[in-house]
Amino acid sequence: MIKEGKIGMLEAYALVTIVIITKIFYTFPLTTIKQTGTAAWYTTLISCVGAIVFFALLYLLLQRFPQKDLYQVFEAVLGKKVSRFIILIFSVYFLYYTGINLSEFVTILKIYSMPFTPKEVLVAGFLTVIAAMAYVGLEGIVRVAYVLFYLIITGLVLILILAIPFYDFNSLKPWLGYGLGVSASEGFLKISAYDSVIILAIIANSLQGLKYFKRIGLSCLLTAGAIFSICLACILAAFQYTAGSGYISGMYHLSRIIYYSRFFQRVEAIFLFVWVFASVIAISAVFYIALSSYCRVFSITNHRPLLWPFLFLTFAFTFLPSNIYEIISVHVRLIRGYSVFLIVPVPILVLLVSIIRGKKGGKASGT
Numbered sequence: 253m254i255k256e257g258k259i260g261m262l263e264a265y266a267l268v269t270i271v272i273i274t275k276i277f278y279t280f281p282l283t284t285i286k287q288t289g290t291a292a293w294y295t296t297l298i299s300c301v302g303a304i305v306f307f308a309l310l311y312l313l314l315q316r317f318p319q320k321d322l323y324q325v326f327e328a329v330l331g332k333k334v335s336r337f338i339i340l341i342f343s344v345y346f347l348y349y350t351g352i353n354l355s356e357f358v359t360i361l362k363i364y365s366m367p368f369t370p371k372e373v374l375v376a377g378f379l380t381v382i383a384a385m386a387y388v389g390l391e392g393i394v395r396v397a398y399v400l401f402y403l404i405i406t407g408l409v410l411i412l413i414l415a416i417p418f419y420d421f422n423s424l425k426p427w428l429g430y431g432l433g434v435s436a437s438e439g440f441l442k443i444s445a446y447d448s449v450i451i452l453a454i455i456a457n458s459l460q461g462l463k464y465f466k467r468i469g470l471s472c473l474l475t476a477g478a479i480f481s482i483c484l485a486c487i488l489a490a491f492q493y494t495a496g497s498g499y500i501s502g503m504y505h506l507s508r509i510i511y512y513s514r515f516f517q518r519v520e521a522i523f524l525f526v527w528v529f530a531s532v533i534a535i536s537a538v539f540y541i542a543l544s545s546y547c548r549v550f551s552i553t554n555h556r557p558l559l560w561p562f563l564f565l566t567f568a569f570t571f572l573p574s575n576i577y578e579i580i581s582v583h584v585r586l587i588r589g590y591s592v593f594l595i596v597p598v599p600i601l602v603l604l605v606s607i608i609r610g611k612k613g614g615k616a617s618g619t
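Using the numbering used here, the letters of the sequence shown correspond one by one to residues 253 to 619.
Note that these hints are calculated values from the structure, not bench results.
Think about it this way: if two alpha-carbon atoms lie no more than 27 Å apart in a straight line, the pair counts; the simulated BS3-like pairs of lysine-lysine are:
{"no.": "1", "residue 1": "258", "residue 2": "332"}
{"no.": "2", "residue 1": "320", "residue 2": "258"}
{"no.": "3", "residue 1": "612", "residue 2": "258"}
{"no.": "4", "residue 1": "612", "residue 2": "332"}
{"no.": "5", "residue 1": "612", "residue 2": "463"}
{"no.": "6", "residue 1": "332", "residue 2": "611"}
{"no.": "7", "residue 1": "320", "residue 2": "466"}
{"no.": "8", "residue 1": "362", "residue 2": "286"}
{"no.": "9", "residue 1": "466", "residue 2": "258"}
{"no.": "10", "residue 1": "320", "residue 2": "611"}
{"no.": "11", "residue 1": "611", "residue 2": "333"}
{"no.": "12", "residue 1": "333", "residue 2": "320"}
{"no.": "13", "residue 1": "463", "residue 2": "320"}
Cβ-Cβ distance ranges computed for the label pairs, FRET-style:
{"no.": "14", "residue 1": "554", "residue 2": "258", "range": "15 to 21 Å"}
{"no.": "15", "residue 1": "553", "residue 2": "516", "range": "50 to 56 Å"}
{"no.": "16", "residue 1": "612", "residue 2": "552", "range": "28 to 34 Å"}
{"no.": "17", "residue 1": "482", "residue 2": "460", "range": "29 to 35 Å"}
{"no.": "18", "residue 1": "432", "residue 2": "308", "range": "23 to 29 Å"}
{"no.": "19", "residue 1": "554", "residue 2": "380", "range": "17 to 23 Å"}
{"no.": "20", "residue 1": "521", "residue 2": "420", "range": "22 to 28 Å"}
{"no.": "21", "residue 1": "367", "residue 2": "258", "range": "41 to 47 Å"}
{"no.": "22", "residue 1": "494", "residue 2": "557", "range": "49 to 55 Å"}
{"no.": "23", "residue 1": "613", "residue 2": "516", "range": "56 to 62 Å"}
{"no.": "24", "residue 1": "315", "residue 2": "568", "range": "37 to 43 Å"}
Note that CB positions come from ideal geometry on N, CA and C, so glycine has one too.
Construct the entire structure; sequences and hints are all you get.
See the structure below:
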């Protein structure tokens with residue numbers, strides 16, 4: 253097992269919150285608005301409630317096995333062979349998630365800011381940063397996340413505030429969008445937008461007890477739910493449903509419309525800085541989780557020799573989609589829709605098996 257050290261409550265909160273909310277800078281607003289209409293802003297709150305329920309079950313599972321992280325619980329309940337197979341699937345999923353997120357980021361960057369730069373160059377540059385972050389390990393990634401968290405949140409809030417003159421909240425009508433049925437079903441699928449909270453369970457031994465695990469997880473989910481809902485409402489208010497469901501990056505367009513005078517305009521530069529910083533942290537964190545999960549399967553104590561193979565695989569996954577349409581309609585739909593059938597059910601099933609078999613650890617400390 254890789255020795256990952258201890259991380260503080262605020263540092264873990266910053267890391268997981270950034271990993272979750274970075275989606276708002278990508279095609280998440282486009283797909284959510286397109287699928288649920290003007291109800292997008294509260295559909296994500298339905299997803300948030302579902303994610304909180306999932307996190308509560310995750311907490312109950314870890315509470316039964318104090319001093320163990322999620323993967324150790326899998327082994328205690330299911331045995332080595334089955335648990336290692338599941339962890340390997342998780343590793344492949346996280347690596348695929350890393351590649352698709354990177355592909356989405358680079359493609360949007362080419363569309364809006366660097367149209368003449370080859371995709372290979374952008375991907376290679378980004379992978380270099382990921383390699384440096386992963387080489388340092390979890391503690392290094394968390395420290396960077398903590399330092400940049402306030403800058404990212406400040407930049408995001410600044411964009412939303414500066415765009416206030418362009419909002420017309422009558423554009424959020426009809427309130428029900430395509431209907432409550434559609435909002436509920438899409439809200440369930442989009443629990444996947446919050447499923448990165450499982451990272452906390454995977455690194456649970458690096459936290460300072462289950463009490464902090466619970467606080468951090470709930471804080472991350474509530475923060476992400478509020479940010480998603482407010483940003484979606486602002487995009488709808490600024491562009492209405494028709495345009496909001498057509499922009500590749502709604503937040504980027506929101507930053508572009510800000511104009512107060514010839515001396516105060518083009519503030520999308522703020523967005524680009526926020527977007528790049530958030531993407532570096534989010535993608536590096538998930539890449540490291542994929543790498544450390546693989547090391548856990550084969551009892552590898554040093555992850556650094558595996559950096560090159562995993563970077564190569566990430567590069568390959570990045571070029572799976574050939575265009576933005578394929579990214580949105582196939583790959584993003586998988587990781588932000590149907591991954592709810594992979595990440596969410598496994599810990600819940602393990603919890604049920606542990607209850608049925610009566611498997612339980614010792615007494616928890618600091619719960």
